Structures are given as C-alpha cells and as structure tokens.
Amino acid sequence: MEVIKIVGTDDTPSVTFDAANEIFEVSGRSLPEDVAAFYEPILEWLERYSEEAIAKTVFNFKLVYFNTASSKMLLDILLKLEEMYESGKDVLVRWHFPEDDEDMEEAGEEYADIVEVPFEQISYPMD
Amino acid sequence: MAGKGADTKDFLDFVYSFHESMEQHKVLLVYEGEITHQITKAFTSLTENNMEVEEEAHSTQKKVFHVMVECLQNVGKHAENYRKNESRKDGKGAFLLSRTEEDYFITTGNKVNSEKVSEMVEVLEKINSLDRDGLKKLYKLQIREGRLSNKGGAGLGFIDIAKKTGNSLNYKFIPINSDFSFFVLSCKISRNNN
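Line order of the protein sequences matches chains A and B. Using this note's numbering, read the first sequence as starting at 1 and increasing by one per residue. Using this note's numbering, read the second sequence as starting at 1 and increasing by one per residue.
Bound conformation, chain A alone:
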C-alpha cells in the first residue's frame, strides 16, 4: 500500500500511515479549516488498509490539541479500527498525552468508553 506522510502545521496534525514499516500515527494539533477535507483521505486509506491489515496494528494518537470538529473525525478513525478489531484483526490503540494534561487524558478515557477496541493510555513528560 502507498504510504501517507503528512507533515503537521500549526493547525493540522502530522499523519504517518506506513503499513510496510508498521507505523500508524496521528500527532500534533488538529483544528483544520475544513475538517472533512483533511480527514477524508485518511479514512479512505484506513478503509482500504483494513482489508489487508498486518498481523498487529498498533495505532498511536499523540495529539496535543484538537477542536470539537476534529474530535468527531478522530472518533471515525477509532470506529474504523473497532470494525477491524471486530472482524478478527489484532488492533491496539495507544493514546499518548502530556503528563500534566488532564483534558487530553480524559479525552482518551472517553474514546476508550465509546469504542470496543484494546486501548492503552500512555502519559509522557513535557520538555
């Protein structure tokens, strides 16, 4: 499959989807001007990937900020991963949050409640 490699900006996240190297990561800030346009290709890629998923898909979210419009698109990503998991694929979501950021930690807890997929919360120290 082709590799998705989007370099983040101050309002869009970095996205790396590289099935061959087993990297699936969304990180940084997400408040794009047009959320649907930004996330559509990402969701389409996941849809195609779900059919030929590798042995274990470890999906990393390492966001420092996202607006509510993005939160809906992040749920769509998670629902896609849930679908994969329910169809028998091995999937793990790792939700990384800055150790002092309770809101980002809580956002992870809320997603973990909503979707039925193995979910790990990981805090990391701020510089």
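No lab work stands behind these hints: they were computed from the structure. None of these values were measured; they are calculated from a predicted model. Please note that a few of the clues may not be correct.
[Said to hold, decoys possible] Derived lysine to any residue pairs resembling SDA-like cross-links, with alpha carbons at most 25 Å apart:
1) B/K140 <-> A/I6
2) A/K62 <-> A/Y49
3) B/K163 <-> B/G134
4) B/K163 <-> A/V64
5) B/K163 <-> A/Y49
6) B/K164 <-> B/E119
7) B/K77 <-> A/D76
[To be verified] Covered, in the sense of this in silico footprint (three residues per stretch, anywhere, with C-beta under 8 Å from a C-beta of chain B), are these stretches of chain A:
8) 70-84
9) 97-103
10) 108-118
Ideal Cβ placement from N, Cα and C applies to all residues, glycine included.
Add chain B to chain A, keeping to what the hints say.
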C-alpha cells in the same frame, strides 16, 4: 466613518470613551468583523504567546486556547450576516478577550436568526443544568450520534466549553428586529484551577 465638523469630534470622542470602556472591562483583545480561519489562528497564537510571556499556568493556557477556538469557529460558522443574495462568507461578529485577577473571559456577539433562539436557549439551559458527569454523558451521546454539519460543526462546542471550563455558559439574546437577535456568549475560565 468620521465626517466633518461635529461628526469628526464625536468620532474622536468615541475613540476615547471606547478606550476607557475597554480599560474598565479589562479587555485585552477586541475585534469586530468577519471571523475567518486566519483570524482564529492569529488571535489564538497571539494570546498563547502573551500567556506564555506572563507565565500563566499551563492548564489555564490550554483551556483559554481551546475555548477561543470553539467560540471563534462558532461565530465564523453560525453568525447570520444577513447580506442576502451573496455567496456565503465567514460570519461576522464581535470577539473580546478580557482578564481579571481571577478569571479569563472569552466573549462573542453575533446576529442569529430569531427562529433559532428558542432552540438555542433550550440547548444552553440544558448544558447549564448539568454537572460534570452529566456533561460527559451528553458529550459522548452527541459525538456518537451527531453528524458533522455542512458547516463543519459537530454540535459539541457548547458542551465542550462547559465541560472544560467547569463554569456555566453566560448568555443573552437581544432582539434586533423581528428577524434577528444578537447573541452574546461569555465563557469564564478560572485562572487558579491548578
């Protein structure tokens, strides 16, 4: 704009009284006009830098940033400009950021269609009646069942602001005429919450 004679004098006086009012209400940033994505980015990054310089608590900085984005995007997406027969532009409105010893206030004002007022009051009152757990439940319900509107909104902004700030949403609808009302929303972020 300013004309000649008495008009000019009035206008110059207006600038002074405006300045005095801004000081009195502890306004740090004020804007009136179209709220575009560029404006949202410029204001949030300016405010972020200022808070960093003033060593505001990290958690307060994040909440102020978050609420600013949601409020500015609300106005940009939902304000009724009532310029008829014109292709849709970014919504116009007022934006104010103010700060007291204890709190930050993010306040927006924009025109809304009067038909929408009762529905908005219902939503706002519902949010204000809920405690933290209630807000979390409502958020989860809305994110699951709500759909992204054609304006790119998820219907989560007000709920999220109330949830993240822990304060109720202070609002008012001021009738302009039979078609439109002016919607003022003021969100409070406490500075000492961490």
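Consistency of the hints with the structure:
1. Restraint check for B/K140 and A/I6: the C-alpha separation of about 29 Å exceeds 25 Å, so the hint is violated.
2. Between A/K62 and A/Y49 the CA atoms are separated by roughly 21 Å; this keeps the pair inside 25 Å, and the hint holds.
3. At most 25 Å may separate the alpha-carbon atoms for a hinted pair to count; B/K163 and B/G134 meet this at roughly 9 Å.
4. A threshold of 25 Å between alpha carbons decides the hint, and for B/K163 with A/V64 the separation of about 18 Å falls inside it, so the pair holds.
5. Taken as a hint, the B/K163 and A/Y49 pair is broken in the structure, with Cα atoms around 35 Å apart against an allowance of 25 Å.
6. At most 25 Å may separate the alpha-carbon atoms for a hinted pair to count; B/K164 and B/E119 meet this at roughly 23 Å.
7. Pair hint B/K77 plus A/D76 holds up; C-alpha atoms about 22 Å apart against a cutoff of 25 Å.
8. With 4 residues bearing a CB less than 8 Å from a CB of chain B, the region 70-84 of chain A meets the requirement of three and the coverage assertion stands.
9. Closer than 8 Å: that is the beta-carbon criterion, and the region 97-103 of chain A has 4 residues meeting it against chain B, so the requirement of 3 holds.
10. For the region 108-118 of chain A, the stated coverage by chain B holds: 3 residues have a C-beta nearer than 8 Å to a C-beta of that chain, and at least 3 were required.
Hints 1, 5 from the list above are not met by this structure, while the remaining hints are.
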